[in-house]
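Given the structure of chain A, go ahead and fit chains B, C and D onto it with the hints provided.
There are 4 protein chains.
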Amino acid sequence: MAYKDEQLSEEKVFKDPVHRYVHVRDRVIWDLIAAPEFQRLRRIKQLGTTNLTFHGAEHSRFNHSLGVYEIVRRIINNFQDRPHWNKDERLLCLCAALLHDLGHGPFSHSFEKVFKLDHEYFTQQIVLGDTKINEILERVDKGFAQKVADVIAKTYEDKLVVSLISSQIDADRMDYLQRDAYFTGVSYGHFDMERILRVMRPIEDQVVIKSTGMHAVEDYIMSRYQMYWQVYFHPVTRSAEVILTKILHRAKHLYETEDFTFKLQPTHFVSFFKGEVNLADYLKLDEMVVHYYFQLWQEEDDEILRDLCERFMNRRLFKYVEFNPNLQMNEWMELYKLFQEAEIDPEYYLVVDSSSDLPYDFYRPGEEEERLPIHLLMPDGSLKELSRHSDIVESISGKKRTDHKLYFPKDRLNELKDQALRARIMEILYGQGEKVDVE
Amino acid sequence: MAYKDEQLSEEKVFKDPVHRYVHVRDRVIWDLIAAPEFQRLRRIKQLGTTNLTFHGAEHSRFNHSLGVYEIVRRIINNFQDRPHWNKDERLLCLCAALLHDLGHGPFSHSFEKVFKLDHEYFTQQIVLGDTKINEILERVDKGFAQKVADVIAKTYEDKLVVSLISSQIDADRMDYLQRDAYFTGVSYGHFDMERILRVMRPIEDQVVIKSTGMHAVEDYIMSRYQMYWQVYFHPVTRSAEVILTKILHRAKHLYETEDFTFKLQPTHFVSFFKGEVNLADYLKLDEMVVHYYFQLWQEEDDEILRDLCERFMNRRLFKYVEFNPNLQMNEWMELYKLFQEAEIDPEYYLVVDSSSDLPYDFYRPGEEEERLPIHLLMPDGSLKELSRHSDIVESISGKKRTDHKLYFPKDRLNELKDQALRARIMEILYGQGEKVDVE
Amino acid sequence: MAYKDEQLSEEKVFKDPVHRYVHVRDRVIWDLIAAPEFQRLRRIKQLGTTNLTFHGAEHSRFNHSLGVYEIVRRIINNFQDRPHWNKDERLLCLCAALLHDLGHGPFSHSFEKVFKLDHEYFTQQIVLGDTKINEILERVDKGFAQKVADVIAKTYEDKLVVSLISSQIDADRMDYLQRDAYFTGVSYGHFDMERILRVMRPIEDQVVIKSTGMHAVEDYIMSRYQMYWQVYFHPVTRSAEVILTKILHRAKHLYETEDFTFKLQPTHFVSFFKGEVNLADYLKLDEMVVHYYFQLWQEEDDEILRDLCERFMNRRLFKYVEFNPNLQMNEWMELYKLFQEAEIDPEYYLVVDSSSDLPYDFYRPGEEEERLPIHLLMPDGSLKELSRHSDIVESISGKKRTDHKLYFPKDRLNELKDQALRARIMEILYGQGEKVDVE
Amino acid sequence: MAYKDEQLSEEKVFKDPVHRYVHVRDRVIWDLIAAPEFQRLRRIKQLGTTNLTFHGAEHSRFNHSLGVYEIVRRIINNFQDRPHWNKDERLLCLCAALLHDLGHGPFSHSFEKVFKLDHEYFTQQIVLGDTKINEILERVDKGFAQKVADVIAKTYEDKLVVSLISSQIDADRMDYLQRDAYFTGVSYGHFDMERILRVMRPIEDQVVIKSTGMHAVEDYIMSRYQMYWQVYFHPVTRSAEVILTKILHRAKHLYETEDFTFKLQPTHFVSFFKGEVNLADYLKLDEMVVHYYFQLWQEEDDEILRDLCERFMNRRLFKYVEFNPNLQMNEWMELYKLFQEAEIDPEYYLVVDSSSDLPYDFYRPGEEEERLPIHLLMPDGSLKELSRHSDIVESISGKKRTDHKLYFPKDRLNELKDQALRARIMEILYGQGEKVDVE
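Protein chains in written order, with our numbering: chain A, 1 to 439; chain B, 440 to 878; chain C, 879 to 1317; chain D, 1318 to 1756.
Bear in mind the hints are in silico, worked out from the structure with no lab data behind them.
Since the structure is predicted, the reported quantities are computational estimates derived from the model, not experimental observations.
Among the hints, erroneous ones may be present.
[To be verified] Derived EDC-like pairs: lysine to aspartate or glutamate, alpha-carbon spacing no greater than 20 Å straight-line:
| no. | chain 1 | residue 1 | chain 2 | residue 2 |
| --- | --- | --- | --- | --- |
| 1 | D | 1527 | B | 761 |
| 2 | C | 1278 | A | 353 |
| 3 | C | 1197 | D | 1348 |
| 4 | C | 1288 | C | 1185 |
| 5 | A | 400 | C | 1272 |
The shape of chain A in the complex, shown without the other chains:
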């Protein structure tokens, strides 16, 4: 039997807290899961620093990747005998689902920002490069790895296949909303996925939703909205991200400083500092390794690096206040100077962070990031864009919400000896009245 058709003698299952079981029958999938590049995802948390806010959120991307695969498997099962569905794309869909996040590194968000990296680029590299993953995919079929890479990159010609993995209601989102809700323990994130799977229908170039399932989709959109603001953009998590980012900046800066030498050479980081990251280096830098360095750096000679690492490892985070950089430029400049005066380097200790989200978007061709809208399949066979049919979705559709916060080490301010200086800083930060921190 051809490798691509090979089946395990008995179905294997993974016990999964979210989907109960993840089922594997294809030999190819089984082999991909066993590949080192995929096993590496066990060492990268799904939610980066979120576990410092929600202590349950310690789950890895390995976990989530299996979940996305399982959802796609179930969708395809339902599609089996539907018109428009091309059965030959089955294995391609499963592989793309399983591997879509393969290129994520540790704390992706911060690393990508500081070192100008792109996890999607590395996913492509892993799928197409000299890896076990690539070897397995090429055994399926000459050129199969490229197809998988194309689906993940959304450039694959069969847009129906692409939309299973990447759209405003895809397997990726459906898994992470439920999974992140489960592990954090929040009560948002519940929606009736089983119903959504039942009302999904393949048409030529996308997956659409039978209109009778509209309310389940509304519920999903609301879950997404709540998860973003309650979990993903939680200000305490962002505080940890801010510190993490500043550690990376500082370490890079020190590396580039002639008269500074690390006690232990930061081997794993060198190519990142130099901006010359190759695949092998990238794969080695998982979160375990990052933590190892941060632990070491707690004993480095540089005070800022030491302090920031100690904060990150022991969760001594920055406090924050609402702060709109667009409206409060003057205050910002004054604070900057006052921090300098207080000998608290504002480059590292006075940080504005902004989060914004677009909960659902209708189609706006030509815009920066085109997002495919969700279409309802009406009883008469026509398609209708979701926000034109749902009041709730209409009300949040296309509305970007942004939240700005200013982060700083309140403990350092409290220790300031110059009382007048301290008072002035506090006044700008907290105003005259309320001085209680939200925690």
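Below, chains B, C and D without anything else, positioned relative to chain A:
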């Protein structure tokens, strides 16, 4: 206000997937949680290598420690106005609950076995030594740290307090059964804790259970039984433990071998290899650091170390068969020789592992490990040992069950060129018939 | 000890699937639950005919009443030491919570409409009249029954007490949303009640919500919205309600018809038909009795009564189409005539039903039904109306949504012999195209 | 297309709180559910009087019947391509699953005991008699109704089919354990059904369980054990059963008493009293009708009937004490006389009730009720009876446990004027010491 009585201005809560919320009002508890020695528990998994079997089980001991604290807090709330309950012991109970696992290192079980360590010893060291934890406890009261240490060591004079933390139905067990069930996703591990908490009653020297709650306790005992055999002793998890143990043995051996030099000096491990571990060394070795070394060692010159590390990191585990070392000595000896012949070092690649559990025990004074039985409080005020009242518990009471397995790298055997040798090994391992591995 | 302060020797609990346990310690509450007028609520379903759509929804108002009591009990527990909270109102709140739905009869909605009744009037009657409930309440204190009646009627002077039982985020709504979701099995209806209870704060005349809990409230409002449209206004449920209403109309009509005699005198209904319902009659007519009559009426001589009862008992419901009576008057009139022509009495077999809901409302003084808005308590101590702070709530606030449907017995139409007549009716109902019923 | 192969144009689903969704695609199943004899099951509670103990347990047999159907549907889906499985039996299995409880009447247990009825007999009657159900089944195939009846009666020749519906681990038990746990809210009743379904294998004459699934089956057996003793045999529920039984006895007695006339002729009961119940009478007597009569009888002239009905309707139940009739014959006789002396008729007010259960049984041919044991399918293909492989099951296997209780109206005793008489009765019932009732 005295530090020990200090309350936070508003109650703080941690969102917890198992108990919904963990509530903190005492300043002391808040400070203990923020201490670096406690934050370190985030970097140590609650279930060691279990996540290689149940991928959801990536939760840390930090997680569990908060849970035990919360359960004790709820029990004490219920005890508040009961006779026999000494309100002055409240803070002591909460601290002991929170800190009881503080001395755990990475993969405790294997490390303790290989390096002859004892996590309880280190818990005592952290509570009594030069640590932030000790500083906080001593601020409560001179000698308070010693009291906390005594409760954890079960030597504290008020046995009622001890039994909240350590008995056959204590807060520790109640938390981990539910928590490990939640994160693995198995359906065992459910019991009606709320009911058990409601029927707990303090008497002079122990916590007893109102007899009307007996069935909830039966359910708890059965959960425990199932969790041990379905999760904690799962043979795949033990396979990973076997490999881990062998890595540590090999690394120690190499360190002690004169003509071997590690490419990178294994600084963090040196005191472990030498058997001279002090507290500072111990605290630095979390699971992040261990993974870092294992990754490095994948590139060491020693083939065995390299192979074992690569297996551990990429989950290429050993297979296993049922094997009773007491009855199958001859086979064992033959296998040992055959492995040598095949040039697969049996010291590292042919390992018997045994697990055994005593699901519930009545009191047997003078025995090696005395286990306090669970007592029911009858309607007439008398006490009755659980197994005398419950048929189910009686049936499993005092019965030790042991499971032996033999672990080996089947892939290596499959690659053997000497077909006769291979066949002979396989015959001993699998017999003539069935050759399917359970996975 | 005064009756009002009497405590049970041990706390009693009711196992509750929604709140885990309902706790009772007050003798008064225990006695009220045991009163015949309260036990009667076991014979009245919480959701009327909904179980014909969602078969799990067979739970009674007894169930829900205990739940509301339990929520109020928990809220008050949290309020215990808060400013503005008057501890003397505790028992009053508990009694009002427990008894607030006492006056509900069978299938309230339909009965009230057809017989011009009002369950709130009967609640007052039961609390103040010659009942066991009244006897218990008067034993608490002379005039206590009147106080309870006032709280339920929202006329009680302490508006804080009233708002616990009746507001846009009261114990009543919080219980039924969760309970109805649990029993129907739908995935809507989940929100973090524990968090909402924790952020509720009493002020002078109302309960407000700490602004940090806003998202939990948003989630609650969305749950409410989804439950209304997915469960409470489900068109299949409404079809059953339509038939039920028509049965009552027909029976009344026949009773008033001189030359018709029921085979069995409808004793329990007589005072309803006559419009002279007294309390004793009202209490006797539970859903068991109604079903008994409907069963009998399946064998009555009147064909319409017989058919409608047979439909109701055996769930042979009417089908429906979207139909806006305001816009489709002409079609309506034509259909009316065509039904007459077809000898299907349109008075009973061609029914427009409209449902509408206002998911959340800000305060509009002087309007027909004033609804108290939800206020957030801001960090600076000020109050802010919810919809001014929450985008989502703002988007659905004050917007009434109405849904119109036309119900009819499609089976009868299918049996019509006059094919032209049948075709014409179908054309008006379904248009030219799509003829599939949504079920 | 033949009726038996007819499929609905779209799959229909019922939202089910236990199995999420019940799926129907076969026209035959859809029609059976719509039949009046099946709809009647909505008016019969699954757990009789249990809702007087666990207020959530108000679910009907309709509910459960759909659940059993759904489980069998899923099992068959898994069996589809297995050896030994005969695809032609699919529809037969589904029909038998759906209809297996069709003959249940109101409060089956008590009615069967008092009137010497047998619900299995009536199931046969409904399936084979002049009913809509029979009409549908006969449309499938001449003789199909008889086949369905045979499967339910366990006389069908293909024992594999029978064992799906009736064995020690059948769809019936799996549904009711989970469903009753869900609606009562107890934490027992959870087991991993999905896993059990996955390890079920058809062999020639039975369904067996792959040995790797043994622990899931252990868990199921323990659930069953706990549900029996915690829920099904709960003494408060039995108290209500005792009263119900006595009402039926009394009413029958009065009917047979020449000089007593009911105010309203108990039409629905007459054939029951006479022992001449035919199918039509049987189908009319649902729990709604029974409640109607009990309400009426609260106003009958006979004091005992009136009192018992009033107790049942208002949940004024009997209290109970442990009482072993085999060992306490003398006390029993004395109590009997003392009750007579006190003018509390012991025939109705002094009742011993015994419950007993055999949690699991191995095969004992020739015994009164042969119960097919559960067989494990070992890796080598052999079968092993469960209790020989599982310690826990072995420990409870074949052990019948019996619980005896004596029920009486304590309120009546408390009102006795003759203090000496009262004291003597109390002494026998409660002994000298403890006088607290368990509630």
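Results of checking the hints against the structure:
For a cut-off of 20 Å, the pair hint linking residue 1527/D to residue 761/B stands: about 18 Å separates their Cα positions. For the suggested pair residue 1278/C and residue 353/A, the alpha carbons sit about 39 Å apart, so the restraint of at most 20 Å is broken. A threshold of 20 Å between alpha carbons decides the hint, and for residue 1197/C with residue 1348/D the separation of about 17 Å falls inside it, so the pair holds. A threshold of 20 Å between alpha carbons decides the hint, and for residue 1288/C with residue 1185/C the separation of about 14 Å falls inside it, so the pair holds.
In summary, the hint linking residue 400/A to residue 1272/C is supported, as the alpha carbons are separated by about 15 Å, within the 20 Å threshold.
Hint 2 alone, counting from the list given before, is not met by this structure.
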